[in-house]
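K.L.:
Assemble chain D onto chain F, guided by the hints.
The listed protein sequences derive, respectively, from chains F and D.
Going letter by letter, the first sequence gives residues 1 to 359 in my numbering.
Going letter by letter, the second sequence gives residues 1 to 310 in my numbering.
Fair warning: there could be bad hints in the mix.
What the hints assert, rightly or not - Mimicking SDA-like on lysine to any residue, the simulated pairs with C-alpha atoms at most 25 Å apart in a straight line are:
no., chain 1, residue 1, chain 2, residue 2
1, F, K173, F, M277
2, F, K141, D, V282
3, F, K141, D, V266
4, D, K114, F, V323
5, D, K270, F, R166
6, D, K303, F, F248
7, D, K270, F, P168
8, D, K303, D, V143
9, D, K114, F, T179
10, D, K270, F, K141
11, D, K303, F, A239
12, D, K114, F, A32
13, D, K114, F, A37
14, D, K167, D, A183
15, D, K270, F, T179
16, D, K114, F, A239
17, D, K303, F, W347
18, D, K303, F, S296
19, D, K303, F, I244
20, D, K270, F, G178
21, D, K114, F, G47
22, D, K303, F, R230
23, D, K303, F, G39
Please keep in mind that the hints were generated in silico from the structure rather than gathered at the bench.
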Amino acid sequence: MADRAGVKRVVNRTVEALLPLLAVPVAFLIGAVMLAALGANPLEAYGAMLQGAFGDKSGITQTLVKATPLLLVGLGVCIAFRGGVINIGGEGQIIIGALGATALSIGFRDMPGWFLLPMSLIIGALAGAVWGGIPGVLKAKLGVNEILSTVMMNAIAVQFSNYLLRGPMIDPKEIEQGTRIAQSALLPKSVWLTRLVPQTLLHSGAILALILAVLVYIFLWRTTIGYRIRAVGLNRDAARYAGIRVPFYQALALILGGGFAGLAGAVEVMGVQHRMMENLASGYGFSGIVAALFGSLHPLGSIPASVLFGGLLVGADKMQRAVQVPSSLIDALLGLVVLFVVGSQIWSRWRARRRETHG
Amino acid sequence: MDELFKLPVLLGILYSGIRLATPYLFAAVGETFAQRSGVLNLGVEGIMLMGAYSGFYVGMKSGNVWLGLLAAALVGILMGLLMSVISITMQAEQGISGIGLHLFGLGLSSLLFKTTLGSVESINGFKPVRIPILADIPYVGEVLFNHNLLVYAAFLLVPLSAWFLSKTTFGLKIRAVGQNPQAADTLGVNVIAVRYFCVCLGGMLAGIAGASLSIALINLFQENMTNGMGFIAVALVYFGGWKPYGVLAGALLFSFVNAFQLWVQVLGIKIPSDFAIMMPYVLTILALAFATKRAQQPAALTKPFERGEN
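Pulled out of the complex, with its shape left as it was, chain F reads as follows (with noise of 0.2 Å):
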């Protein structure tokens, strides 16, 4: 008996890891006929979507450049939804993180390149935790809904941005020559991530976020702060119970998704682009909610899972180039997905409440 018992709750694990995978099929096949409608040959779109994203060299590495971001935004999202806080922030503490990462590492360019470029890094991330932390201490403190005032705080983080790109972060040179493009000087060399393959944009920031997923993997299950996060957000009231410091806990989780993505906006700047610009973020705060919850908010399921979104969007430039239909279904799928992820759950609920009452 103990030995079907132990064979059934594999399977009904297995089910339940596999089940949030139907989202992405199901997604794109409302994609196909939506691709049939406006004229397209889905088999061609995804065909150039899939080729662009991983049929060579080139496709691989800039899959691989836009997973790095998904993946460090999504470790926040992990840690925040385990806490049983939703942090929709993400955007705009990228801009927050590349900000500080820039004024630092062009404020103190002189400074020797294995002092700046982790302080870089390092204030970037805390720069994203203020602006994560903002939101976190308004809702321990006065119960502010964190959604909404994430929200808010990404729209606040854009204008602040194109402020400082405007104003006292603007290229010298982009003044001189009257140009104007809203963008900062260049980052000095010491501080850009080293290049992982010749002649492409893979950097170490790859690197740094895979060795991130595993240290937020042992934090999140191995040590007690962890444990107490994902206490809270098991349920609040067992954990109050249990003498836990919900609010605190909730900040914190808060503070540290602020932090990853801030991370994240640190390393796209210092990694790619080498400047701070407008759209930096283009979109990375939102895909990486849903390479998260792709992952099962699991830091490790997050690795593929960035990887396969990262691909995506890759694959959508390409699907627009070759089929004339633009990237926007992407986004528009993107949707589909966390509708139907969410959605799912409901399969895990009702198996955990079948196995309460009959075990």
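P.N.:
Showing chain D alone in chain F's frame:
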């Protein structure tokens, strides 16, 4: 700063403030219904974008803005239905499903815009309708009684919704379902049906809110033209204590700040425009922090309902 306090400018701020309140009112009153029934629909922004697009497209192709409005309302209902299936029937975490709905609406409206229109064009939208006699009252008349029909409709929606929620049997059912669905269920109220109705009604009003931008106030469609208004509308429901008149107060406060901000830029007063644009968002956070009476929050908000649970 002095030029800001001359009479014509003040009247101008009041006039634009009332106009700008329109989309907030439609969307936030609609969201009030959804939240009163216990569902947080965070996808209002995405629905508004779909409404703005479909209202504009149908209005332009048919040459009839009324048909555009109808299309926006229908698309809003469909989006509300999608949200309902995922959040009510499938019992999904509402904060996240709303974000999914937003991303879907944002992506789909951009996709449709690029494939069917391609470039920003303008449309002959709803025209201002002067209300005879009232519009002739000095100062006040021009500010209050010379707007297009959607502006009047948005303001009429407030007392109508307040009456509906507090004085009708169905309104009572909505409040019961949001406060204590188990009790409502034992009394024979169909919790699921009431929630579907409220979310779809909210979707319809969000669709109209979007159309009010694209065919009545700005008269064009651009990608992501709502730019956060839908999220502010959700916040206004909290700010307004889940009551239509509270929502009205919040919407007016907001739109006046916005109108003020626009006039500050028009008059070329030396505040960086980025900070001016930031003001409504900062105000939202402050309002959420200091002006929300959380005791009034519907007790079952964001909690999915299932028969026989506890």
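K.L.:
Each hint: holds or not?
P.N.:
Hint by hint, here is what the structure shows:
Restraint check: the Cα-Cα separation between K173 (chain F) and M277 (chain F) comes to about 14 Å, which is no more than 25 Å; the hinted pair holds. At most 25 Å may separate the alpha-carbon atoms for a hinted pair to count; K141 (chain F) and V282 (chain D) meet this at roughly 18 Å. Taking the CA atoms of K141 (chain F) and V266 (chain D), the gap is near 39 Å; set against the 25 Å cutoff, the hint is violated. Between the alpha carbons of K114 (chain D) and V323 (chain F) the distance comes to roughly 14 Å, so the proposed pair stays at or under 25 Å and holds.
Only pairs whose Cα atoms come within 25 Å are accepted, and K270 (chain D) paired with R166 (chain F) is accepted, the gap being roughly 15 Å. At roughly 23 Å between alpha-carbon atoms, K303 (chain D) and F248 (chain F) fall within 25 Å of each other, so this suggested pair holds. Distance check on the hinted pair: K270 (chain D) and P168 (chain F) sit about 16 Å apart at the alpha-carbon level, within 25 Å; holds. A threshold of 25 Å between alpha carbons decides the hint, and for K303 (chain D) with V143 (chain D) the separation of about 43 Å lies outside it, so the pair is violated.
A distance of roughly 29 Å separates the Cα atoms of K114 (chain D) and T179 (chain F); the hinted pair therefore is violated under the 25 Å criterion. For the hint linking K270 (chain D) to K141 (chain F), the alpha-carbon distance of about 35 Å lies beyond 25 Å, and the restraint is violated. For the hint linking K303 (chain D) to A239 (chain F), the alpha-carbon distance of about 19 Å falls within 25 Å, and the restraint holds. A C-alpha spacing of about 18 Å is found between K114 (chain D) and A32 (chain F), which places the hinted pair at or below 25 Å, so the restraint holds.
With a CA separation close to 14 Å, the supplied pair K114 (chain D) and A37 (chain F) stays within the 25 Å bound. Between K167 (chain D) and A183 (chain D) the alpha-carbon distance is near 20 Å, which keeps this suggested pair within the 25 Å criterion. Annotation: proposed proximity of K270 (chain D) to T179 (chain F) holds, straight-line Cα distance about 23 Å (limit 25 Å). For the hint pairing K114 (chain D) with A239 (chain F), the CA-to-CA distance comes to about 50 Å; that exceeds 25 Å, so the pair is violated.
Proximity of K303 (chain D) to W347 (chain F) is assessed by CA-CA distance (about 17 Å); at most 25 Å being required, the pair is judged to hold. A distance of roughly 21 Å separates the Cα atoms of K303 (chain D) and S296 (chain F); the hinted pair therefore holds under the 25 Å criterion. A C-alpha spacing of about 23 Å is found between K303 (chain D) and I244 (chain F), which places the hinted pair at or below 25 Å, so the restraint holds. Restraint check: the Cα-Cα separation between K270 (chain D) and G178 (chain F) comes to about 22 Å, which is no more than 25 Å; the hinted pair holds.
Restraint check for K114 (chain D) and G47 (chain F): satisfied, since their Cα atoms lie roughly 22 Å apart, inside the 25 Å limit. Straight-line distance between C-alpha atoms of K303 (chain D) and R230 (chain F) comes to about 20 Å, which keeps the hinted pair within the 25 Å bound. This hinted pair does not check out: K303 (chain D) and G39 (chain F) have alpha carbons roughly 42 Å apart, beyond 25 Å.
Checked against the numbered hints given earlier, this structure breaks hints 3, 8, 9, 10, 16, 23; the rest are met.
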